[in-house]
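J.: Start from the sequences and build out the full structure, keeping to the hints where you can.
Just so you know, the sequences run in chain order A and B. Residue numbering for the first sequence follows the numbering used here, starting at 119 and increasing by one per position. Residue numbering for the second sequence follows the numbering used here, starting at 131 and increasing by one per position.
It should be emphasised that the hints constitute simulated quantities derived from the structure, not laboratory data. Every residue, glycine too, gets a C-beta built ideally from N, C-alpha and C. Incorrect hints may have been included.
Partner residues are not named here, just some residues of chain A that face chain B (Cβ under 7 Å, in silico) [unchecked claim]:
1. R136
2. E326
3. I329
4. V333
5. G334
6. D336
7. F339
Using 20 Å as the maximum straight-line C-alpha spacing, the simulated SDA-like pairs for lysine to any residue come out as follows [stated by the list, open to error]:
8. K233(B) / L419(A)
9. K128(A) / K211(B)
10. K211(B) / Y418(A)
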Amino acid sequence: MLVSLIRAIKFALQNFRRNIWLSAATISIIILTLISVSFLGFLNVLTLQAVEAVKDRIDISVYFKPEVTPQEVKAIQQKLSKLEKIKSIYYLSREDSLKLLKEEHQKDVFITESLAELGNNPLGDTLIITAYELDYYPLILEALEQSQYKGLIQDKNYKDNQAFLQKIFTVTDKIKKIGWIISGVFAIIAILIVFNTIRIAIYTHSEEIGIMKLVGADNWFIRAPFLIEAVLYACIGTVLTLLILYPILELIDPYILSFFDNSFSLTAYYFSHLTGVALWQFAGVLVLTIAVSFMAVGRYLDV
Amino acid sequence: MPPNSNLSYFMIIFKSVTKKYPPKVVAVENINLHIKPGEMVSIVGQSGTGKTTLIKLLIAEERLTSGSIIVGGWDITQIKKRERPYLRRQIGVIFQDFKLLPKKTAFENVSFALAVAGKTDKVIQKTVPQLLRIVGLEDKQDRYPRHLSGGEQQRVVIARALAHKPKIIVADEPTGNLDAINTREIIDLLVKINSFGTTVLLVTHDREVVNSLKKRVITLADGRIVCDVEKGRYVL
Numbered sequence: 119m120l121v122s123l124i125r126a127i128k129f130a131l132q133n134f135r136r137n138i139w140l141s142a143a144t145i146s147i148i149i150l151t152l153i154s155v156s157f158l159g160f161l162n163v164l165t166l167q168a169v170e171a172v173k174d175r176i177d178i179s180v181y182f183k184p185e186v187t188p189q190e191v192k193a194i195q196q197k198l199s200k201l202e203k204i205k206s207i208y209y210l211s212r213e214d215s216l217k218l219l220k221e222e223h224q225k226d227v228f229i230t231e232s233l234a235e236l237g238n239n240p241l242g243d244t245l246i247i248t249a250y251e252l253d254y255y256p257l258i259l260e261a262l263e264q265s266q267y268k269g270l271i272q273d274k275n276y277k278d279n280q281a282f283l284q285k286i287f288t289v290t291d292k293i294k295k296i297g298w299i300i301s302g303v304f305a306i307i308a309i310l311i312v313f314n315t316i317r318i319a320i321y322t323h324s325e326e327i328g329i330m331k332l333v334g335a336d337n338w339f340i341r342a343p344f345l346i347e348a349v350l351y352a353c354i355g356t357v358l359t360l361l362i363l364y365p366i367l368e369l370i371d372p373y374i375l376s377f378f379d380n381s382f383s384l385t386a387y388y389f390s391h392l393t394g395v396a397l398w399q400f401a402g403v404l405v406l407t408i409a410v411s412f413m414a415v416g417r418y419l420d421v
Numbered sequence: 131m132p133p134n135s136n137l138s139y140f141m142i143i144f145k146s147v148t149k150k151y152p153p154k155v156v157a158v159e160n161i162n163l164h165i166k167p168g169e170m171v172s173i174v175g176q177s178g179t180g181k182t183t184l185i186k187l188l189i190a191e192e193r194l195t196s197g198s199i200i201v202g203g204w205d206i207t208q209i210k211k212r213e214r215p216y217l218r219r220q221i222g223v224i225f226q227d228f229k230l231l232p233k234k235t236a237f238e239n240v241s242f243a244l245a246v247a248g249k250t251d252k253v254i255q256k257t258v259p260q261l262l263r264i265v266g267l268e269d270k271q272d273r274y275p276r277h278l279s280g281g282e283q284q285r286v287v288i289a290r291a292l293a294h295k296p297k298i299i300v301a302d303e304p305t306g307n308l309d310a311i312n313t314r315e316i317i318d319l320l321v322k323i324n325s326f327g328t329t330v331l332l333v334t335h336d337r338e339v340v341n342s343l344k345k346r347v348i349t350l351a352d353g354r355i356v357c358d359v360e361k362g363r364y365v366l
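T.: Written out as structure tokens, the structure reads:
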């Protein structure tokens, strides 16, 4: 058994070396396929990251009536912060709200004059709520509506945001779906390319396989070196792909950093997911190359 | 039936063997043949008379339509796919087109036949040089087939065929691609192998070769045996 295994490894390495151009061409195709699939993966990550960035900027403001005291609002803030769906709650005092209003509308004579005429601050305190997911907002607001605090709330800006939120929902869902469809189509194309490359590589050995059978080789004696060669293709292909990806990502990372205001680096993402990326790529190519080798060699074994 | 009716006495037996290819091509029909151990038999006939089909049936490269074939007491008529390698390790085959592995050296081509039978590296390292010495190629063992002449390639094939120390050597037109000098040398080698007790089945249409051997000659025509003569000649 051990002798057979060592012999199969020896034959595989010999085949690999003596058909170096064919081996190089096969590995090149695997690398190109893996790089393309990786970039599609990165594109998905970037899209989701962009969607998350937009989502992070979304919040709802709950305006309390002026007669509600800051202590009451802060108590509500504390109670709400215990809800799992809420990511953060920011308390905005009536003074700060007024300051912001004045800053935003300093050129609006009507508002400036109205505020001057009123003499005192007409605004109440505000809670700015950020949820973990977009679909949590309606639930949070519903909880507020049905709570004891209902009478304390003057207004909420949710209705203004609702249409926008709905649009974001639709767009993110569509982006995810399109991403999956493109990934699926691309995966099929990649599989077909690798499939045919390995098949052609083995086709060039078809006559040899026939000769091996005629001199008394059994099927596994013939198959084993091809399967080991497939493992070799997968190993080399994956390692080279990972090595090639690094400088490419380094090259494009400054643009991505600037797009996300330095909050997301693709190179950092790549390194933090390196083991996973490597394992998925290796496993995918390995299963593919071994399955194709097995099938392709099988075609020529019936001698 | 030959004088000795004990079937186990024969090395090769063909009993009413017929091979047809669809739709209605008859390659060989009703072949009855008994070959004794240590015999050297020439099978002659014009192209398309079924000579190569007989060899293919013998090494289970083709399945017969009817009849039965027994090799060394083993009925291979219904041989299973997984048993074919064992049969082929008992019959050394020499092909007209050599069938050498192009990416392996002469040494590796011969050693491959031993490796498939699970021989250890030690045995291979000892046996292959001996085999190459028998065929006169000990100094060219590291050459690839493309760097060897036709005659030299055929000698590598003979060395490979001898690797399993087979009781039967089957040579299908072994000199078909060779010049007169190489033809003589290859035939001399086969005679030498036969003199050691190996049964040799020589398929050829080379008149001079057959006549010079003065051994048993079986003549085929239209897929049937038309003549089977001890110490015969090429009569077509």
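J.: Against this structure, judge whether each hint is valid.
T.: Results of checking the hints against the structure:
At its closest, the beta carbon of R136(A) sits 5 Å from a beta carbon of chain B; the interface hint therefore holds under the 7 Å criterion. Residue-level restraint check for E326(A) holds (minimum Cβ-Cβ distance to chain B is 5 Å; threshold 7 Å). At a threshold of 7 Å, the smallest CB-CB gap from I329(A) to chain B is about 5 Å, leaving the interface hint in force. Because the smallest distance between the Cβ of V333(A) and any Cβ of chain B comes to about 5 Å, under 7 Å, the interface hint for this residue holds.
Of the supplied interface hints, the one on G334(A) holds, with its beta-carbon coming within about 4 Å of a beta-carbon of chain B, less than 7 Å. Hint status for D336(A) relative to chain B: holds, with the closest Cβ pair at about 4 Å, below 7 Å. Against a cut-off of 7 Å between C-beta atoms, the interface hint on F339(A) holds, since the closest Cβ of chain B lies about 5 Å away. Only pairs whose Cα atoms come within 20 Å are accepted, and K233(B) paired with L419(A) is accepted, the gap being roughly 19 Å.
The hinted pair formed by K128(A) and K211(B) fails the criterion: a straight-line CA distance of about 26 Å is larger than 20 Å. For the hint pairing K211(B) with Y418(A), the CA-to-CA distance comes to about 13 Å; that is within 20 Å, so the pair holds.
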